[in-house]
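Each number in our numbering corresponds to the 1-based position in the sequence shown with 5 added.
The reader is advised that the hints may include incorrect statements.
Unchecked claim - Computed spacing ranges between beta-carbons, pair by pair:
#	residue 1	residue 2	range
1	141	227	39 to 47 Å
2	158	80	17 to 25 Å
3	220	80	18 to 26 Å
4	185	33	57 to 65 Å
What the hints assert, rightly or not - Cross-link-like lysine to aspartate or glutamate pairs, in silico, DMTMM-like; alpha carbons within 20 Å at most:
#	residue 1	residue 2
5	183	173
6	183	207
7	167	97
8	167	137
9	167	108
10	167	185
Hints listed in this document are in silico derivations from the structure and should not be mistaken for laboratory results. The C-beta atom is built at its ideal place from N, Cα and C for all residues, glycine as well.
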Amino acid sequence: MFASYLSQLAHAVLLPPTCLFLAMLVGLLLRRRWPRVGTGLAGAGLAALVALSTDAGAHLLVRPLEDMTAPLAAGAPSAAQAIVVLAAGNMEHAPEYGGNSPDSIALARLRYGARLQHQTALPLLVTGGNADPARGIPAKAVAMASVLREDFRTEVRWVEPKSATTGENARLSARLLKTDGIQTVLLVTDAMHMPRAQRAFERAGLRVVAAPTMFRAWGPVSASSFLPRADALASSYYAAYEWLGLAWYRLQEYTAA
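Work out the full structure, taking the sequences as your base and the hints as a guide.
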């Protein structure tokens, strides 16, 4: 539990917007002794915050991630033996659904996973944990399986309810799938997350056919793309999180070599 809180704190400090606010604060403090350095640091933090709050700025982080994997071509032949859909977040207070529901990112993944299952008839696995029985919150995979069955009329073969990270998604899912002789999977997650997720599943010993969804940076750039928006800053945060995750994976691979 402590490690989880420490990880969340590290992410908050290292990622925008918190890191940019910290840069501005440090810059203002430095102005008293080193005016030019302090002003430059505070100004750079403010400029970066404004830039990453626009769609145009966010796309600088998002598009390279999304370009690492192409959309799955409709009707393309595949050696996949199963479909794996990764969890995202939860809406803990959704009274219209009985108090708990996968969030919008998870629902987009589920929708695409259901579509692929209907097209291919492949068995489907959902993966994600973080259950909190004391608060009546089920594992994310359990909630996802319910949505697939009840709302998308899609059967779920395997439910992996214990993983808390992408790496654990991969390791625990691989354990379930290999027991049934599954070696190659259609992996469903959003396009920004796919490079890190694919690497995790390949490290777990599975062959991956990437099936990304939710491409955020493929739209045209317009005048409104340069106006600050809360959702653009959220995209910048998510992309920075994925870049940090990829850097961590590469560091692990380098130190293990």
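Evaluation of the provided hints:
About 44 Å separates the C-beta atoms of residue 141 and residue 227, a value consistent with the hinted range of 39 to 47 Å. Evaluation of the 17 to 25 Å hint for residue 158 and residue 80 yields a pass: the beta carbon distance comes to about 22 Å. Taking 18 to 26 Å as the suggested C-beta distance range, the pair residue 220 and residue 80 conforms, at roughly 19 Å. At about 59 Å, the CB distance of residue 185 to residue 33 agrees with the hint of 57 to 65 Å.
Note on residue 183 and residue 173: the hinted pairing holds, with a Cα-Cα distance of about 15 Å set against a maximum of 20 Å. Only pairs whose Cα atoms come within 20 Å are accepted, and residue 183 paired with residue 207 is accepted, the gap being roughly 13 Å. Proximity of residue 167 to residue 97 is assessed by CA-CA distance (about 18 Å); at most 20 Å being required, the pair is judged to hold. Only pairs whose Cα atoms come within 20 Å are accepted, and residue 167 paired with residue 137 is accepted, the gap being roughly 11 Å.
A threshold of 20 Å between alpha carbons decides the hint, and for residue 167 with residue 108 the separation of about 19 Å falls inside it, so the pair holds. Between the alpha carbons of residue 167 and residue 185 the distance comes to roughly 19 Å, so the proposed pair stays at or under 20 Å and holds.
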